[in-house]
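Trainee: If you read the protein sequences in the order shown, they are chains V and C.
By the numbering used here, the letter at position 69 of the first sequence is numbered 69, and the numbering carries on one by one without gaps.
By the numbering used here, the letter at position 287 of the second sequence is numbered 287, and the numbering carries on one by one without gaps.
It should be emphasised that the hints constitute simulated quantities derived from the structure, not laboratory data.
Positions of the beta carbon are idealized from the N, C-alpha and C atoms, including for glycine.
Check before you lean on any hint, since a few could be wrong.
Derived DSBU-like pairs: lysine-lysine, alpha-carbon spacing no greater than 30 Å straight-line [as the list claims (entries may be wrong)]:
hint	chain 1	residue 1	chain 2	residue 2
1	V	K51	C	K122
2	C	K59	V	K84
3	V	K76	C	K121
4	C	K45	V	K7
5	V	K93	C	K88
6	V	K44	C	K23
7	C	K95	V	K51
8	V	K49	C	K45
9	C	K32	V	K4
10	V	K7	V	K26
11	V	K41	C	K9
12	V	K50	C	K23
13	V	K41	C	K77
14	C	K122	V	K93
15	C	K77	V	K93
16	V	K93	C	K9
17	C	K88	V	K49
18	V	K38	C	K14
19	V	K3	C	K32
20	C	K193	V	K106
21	C	K122	V	K84
22	C	K59	V	K38
23	V	K41	V	K26
24	V	K106	C	K23
25	C	K9	C	K95
26	V	K49	C	K23
27	C	K32	V	K37
28	C	K95	V	K106
29	V	K64	V	K7
30	V	K44	C	K14
31	V	K84	C	K32
32	V	K44	C	K59
33	C	K57	V	K41
34	V	K106	C	K122
35	C	K88	V	K37
36	V	K76	C	K23
37	C	K9	V	K3
Over 12 Å on every C-beta distance to chain V, these chain C residues come out as not near it, computed from the model [said to hold, decoys possible]:
hint	residue
38	K23
39	L43
40	D142
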Amino acid sequence: MTKKDIKDLVQASYTKKNLDDKKVNKIASLLPRSELKKYIKELKMQEDKKKVHIAIPRASIYNKSKQLFLDIFPDKDIHIEENKLLMLGAKIKYADMVYDFSLERKLDDFLDFIDENYD
Amino acid sequence: MINSDEIIKKLENKLSRLSTDPKVENIGTVEKVTDDVISASGLSKALMGEEVIFEDKTKGFIINLDEDSVGIILLGKSTNIREGQTVKTTGNILKINASNDLLGRVVNPIGDALDGKPAPKKGKDMLLEKIAPGIVERKSVDTPLKTGIKAIDSLIPIGRGQRELIIGDRGLGKTAIAIDTIINQKTQNDTAKNPPAGGKKLKRVICIYVAIGQKQSSVAQIVNKLSETGALDYTVIVSATASDPAALLYLAPYAGVAVAEYFMEQGEDVLIIYDDLTKHAWAYRQISLTLKRPAGREAYPGDIFYIHSRLLERAVKLNDEHGGGSITALPVIETQADDISAYIPTNVISITDGQIFLKSDLFNSGTRPAVDVGNSVSRVGGAAQTGAMKSVAGRIKLDLAQYRELAAFAQFGSDLDAATQKQLDRGKRLSQILIQPQYQPLDEVDEVLSIWAATNGHLDDIAVERISAFEEKYHNFMRSHNKKIIAEIETGKKLTPEVNELLKKATEQFKKTFS
């Protein structure tokens, strides 16, 4: 079974953009072990694409900015995580991209600049 | 010394320019770890050759881009890297920081100091992978690079900007030729500061020795020898030893040429030695097989020629509009059983502008350097020789060729006519005069004197076993008693009939005193 076949099976496991348990169980029961591992891995990757992980210094910030995030990531499952180390701003992880708007990152960059330019 | 006010001002400047744009990172997950080659999923926006960093701060770079994964080779140890860990791109393509502070230092291919001294001062970041200068920027090779080895400077002359391969079996003196060439640049660099009257002013030569896959003890010996002879002051050593990851062995020559380009851009002449490219090919084969790239002849990947051709094309002589600098490359290849028709040797022979072939039977018979004059060639030739050397070297090539033809007959022990016997005797003496001890490169004046004496028959009445002693005393005599002749030869111009006559008289005078 080729990679394309596995991807087609993954697409077929969804009903109206949601994962269908019955379809998944049926497909899983028909696949041999090696193909099943690839199918599960591909399913996880597909599910990951539907999620957005947002780290913010205080959970209360999200409540004020909820609509903004929903507008930027429509139809996505938004997971919020509190991380006080960020100090200000946010860190957004979507698929394999990370967008770091935090004050922690700015200060780290500043420290790197000092390290690189001064003994 | 920078004062604190200046530092504060620079930091405030940096703070005011801090951007509100986010830092964007492309991340991936480690899927597989195999022999310093990592397979990672994600990293969909990664670039070929981009540097990546793992959770434990180990660095690597991307060498393979597949549909759903990337192949990364590590620049450090893989012991702390586990499946499922995160890896991030850095946005940087591989580079090495080069500055004048690298002279006299031993560094690894990513620029870390290996000699126990503080890190070299920051200079300019030079890309490891770079397109070679084009045709318009180049100039023909016209300036000699003197190795100080008589056999090479007379018969296989090397010019600045040339690529000359040193090829032979293990233990025949390939590295010895390379190190002697570096040591000889000390005299050249001193002469460059005070050129002789009437002579052509030559620039100093900066040397870079790239040790690929060698024993650490060997590299240490080389460093010590260069330090003893004062050659380390103008030499940079880029070292990736046998215990380093294959990625560092693969990157070492590119790091070396990147440092060479830094100096060349300043108008300097640079000599770079890759010792040796056979181990470089082995390291690349190891990486490619681990990445499951299709294996070709002798299990080497399909682009094995390209990794050497793009490296050696960066050795160049630039024209004056582009700074006039040059990089001369002396790649080293190790053969098995003198077989120069094997895959890697033939590849590199076809790339370079000539080869110095070292033969085991010559070495075993005491001819050292064991240069096989018949199979060695310099495609630049006389353009890379001074007039003085050219005027004596032409004869020796012909005489040696005739000697080789006749030597086979001499083994039959048949009676030979006087002319043939004379030719054979002359050939033996010419072969003997080309023998030279290690770590004793000669100045061009001494080389010209030795070859002139041999080709003009002044050694014909000296016993072969006494020629070395004769040569040493001859040089001392000429330098102390015949300064006018020395000054004429130092100009580098073709020897005039008057100079030849003076040489003849002085040589005959010396021979009377030589007992």
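Trainee: Compare the structure with each hint and give your call.
Mentor: Tested hints:
Distance check on the hinted pair: K51 (chain V) and K122 (chain C) sit about 43 Å apart at the alpha-carbon level, beyond 30 Å; violated. For the given pair, K59 (chain C) sits about 28 Å from K84 (chain V) by alpha-carbon distance, which is consistent with the 30 Å threshold. Of the supplied pair hints, the one linking K76 (chain V) and K121 (chain C) is violated, its CA atoms being roughly 49 Å apart against a limit of 30 Å. Straight-line distance between C-alpha atoms of K45 (chain C) and K7 (chain V) comes to about 21 Å, which keeps the hinted pair within the 30 Å bound.
A C-alpha spacing of about 13 Å is found between K93 (chain V) and K88 (chain C), which places the hinted pair at or below 30 Å, so the restraint holds. Between the alpha carbons of K44 (chain V) and K23 (chain C) the distance comes to roughly 26 Å, so the proposed pair stays at or under 30 Å and holds. Of the supplied pair hints, the one linking K95 (chain C) and K51 (chain V) is violated, its CA atoms being roughly 36 Å apart against a limit of 30 Å. Simply put, K49 (chain V) and K45 (chain C) have alpha-carbon atoms about 15 Å apart, close enough for the 30 Å limit, and the pair holds.
For the proposed pair K32 (chain C) and K4 (chain V), the alpha carbon gap of about 22 Å is at most 30 Å, so the pair holds. For the suggested pair K7 (chain V) and K26 (chain V), the alpha carbons sit about 16 Å apart, so the restraint of at most 30 Å is met. About 52 Å separates the Cα atoms of K41 (chain V) and K9 (chain C), which puts this hinted pair outside 30 Å; it is violated. About 22 Å separates the Cα atoms of K50 (chain V) and K23 (chain C), which keeps this hinted pair within 30 Å; it holds.
Note on K41 (chain V) and K77 (chain C): the hinted pairing holds, with a Cα-Cα distance of about 28 Å set against a maximum of 30 Å. The suggested pairing of K122 (chain C) with K93 (chain V) is violated, with an alpha-carbon distance near 35 Å, which exceeds 30 Å. About 28 Å separates the Cα atoms of K77 (chain C) and K93 (chain V), which keeps this hinted pair within 30 Å; it holds. About 36 Å separates the Cα atoms of K93 (chain V) and K9 (chain C), which puts this hinted pair outside 30 Å; it is violated.
A threshold of 30 Å between alpha carbons decides the hint, and for K88 (chain C) with K49 (chain V) the separation of about 18 Å falls inside it, so the pair holds. Among the hinted pairs, K38 (chain V) with K14 (chain C) is inconsistent with the structure: their alpha-carbon atoms are about 48 Å apart, more than 30 Å. For the suggested pair K3 (chain V) and K32 (chain C), the alpha carbons sit about 18 Å apart, so the restraint of at most 30 Å is met. Under the criterion of a C-alpha separation no larger than 30 Å, the hint pairing K193 (chain C) with K106 (chain V) is inconsistent with the structure, at around 50 Å.
For the hint pairing K122 (chain C) with K84 (chain V), the CA-to-CA distance comes to about 36 Å; that exceeds 30 Å, so the pair is violated. With a C-alpha separation of about 29 Å, the suggested pair K59 (chain C) and K38 (chain V) falls inside the 30 Å cut-off, and the hint holds. For the given pair, K41 (chain V) sits about 17 Å from K26 (chain V) by alpha-carbon distance, which is consistent with the 30 Å threshold. Pair hint K106 (chain V) plus K23 (chain C) holds up; C-alpha atoms about 9 Å apart against a cutoff of 30 Å.
The straight-line distance between the Cα atoms of K9 (chain C) and K95 (chain C) is roughly 29 Å, inside the 30 Å bound, and the hint therefore holds. With a C-alpha separation of about 20 Å, the suggested pairing of K49 (chain V) with K23 (chain C) holds against the 30 Å cut-off. The straight-line distance between the Cα atoms of K32 (chain C) and K37 (chain V) is roughly 15 Å, inside the 30 Å bound, and the hint therefore holds. Pair hint K95 (chain C) plus K106 (chain V) holds up; C-alpha atoms about 24 Å apart against a cutoff of 30 Å.
Between the alpha carbons of K64 (chain V) and K7 (chain V) the distance comes to roughly 38 Å, so the proposed pair goes past 30 Å and is violated. A C-alpha spacing of about 42 Å is found between K44 (chain V) and K14 (chain C), which places the hinted pair above 30 Å, so the restraint is violated. Note on K84 (chain V) and K32 (chain C): the hinted pairing is violated, with a Cα-Cα distance of about 33 Å set against a maximum of 30 Å. Between the alpha carbons of K44 (chain V) and K59 (chain C) the distance comes to roughly 28 Å, so the proposed pair stays at or under 30 Å and holds.
Among the hinted pairs, K57 (chain C) with K41 (chain V) is consistent with the structure: their alpha-carbon atoms are about 27 Å apart, no more than 30 Å. Between K106 (chain V) and K122 (chain C), the direct Cα distance comes to roughly 23 Å. Compliance with the 30 Å bound is thereby established for this hinted pair. Of the pairs offered as hints, the one joining K88 (chain C) and K37 (chain V) holds, with about 25 Å between alpha carbons and a cut-off of 30 Å not exceeded. A C-alpha spacing of about 22 Å is found between K76 (chain V) and K23 (chain C), which places the hinted pair at or below 30 Å, so the restraint holds.
Taking the CA atoms of K9 (chain C) and K3 (chain V), the gap is near 57 Å; set against the 30 Å cutoff, the hint is violated. Taking the minimum C-beta to C-beta distance to chain V, about 4 Å, the non-interface status of K23 (chain C) is violated against the 12 Å cut. At roughly 6 Å from the closest C-beta of chain V, the C-beta of L43 (chain C) falls inside 12 Å, breaking its exclusion from the interface. Against the 12 Å criterion, D142 (chain C) stays outside the reach of chain V, whose nearest CB is about 42 Å from its own CB.
Violated hints, in rising order: 1, 3, 7, 11, 14, 16, 18, 20, 21, 29, 30, 31, 37, 38, 39; the structure is consistent with all others.
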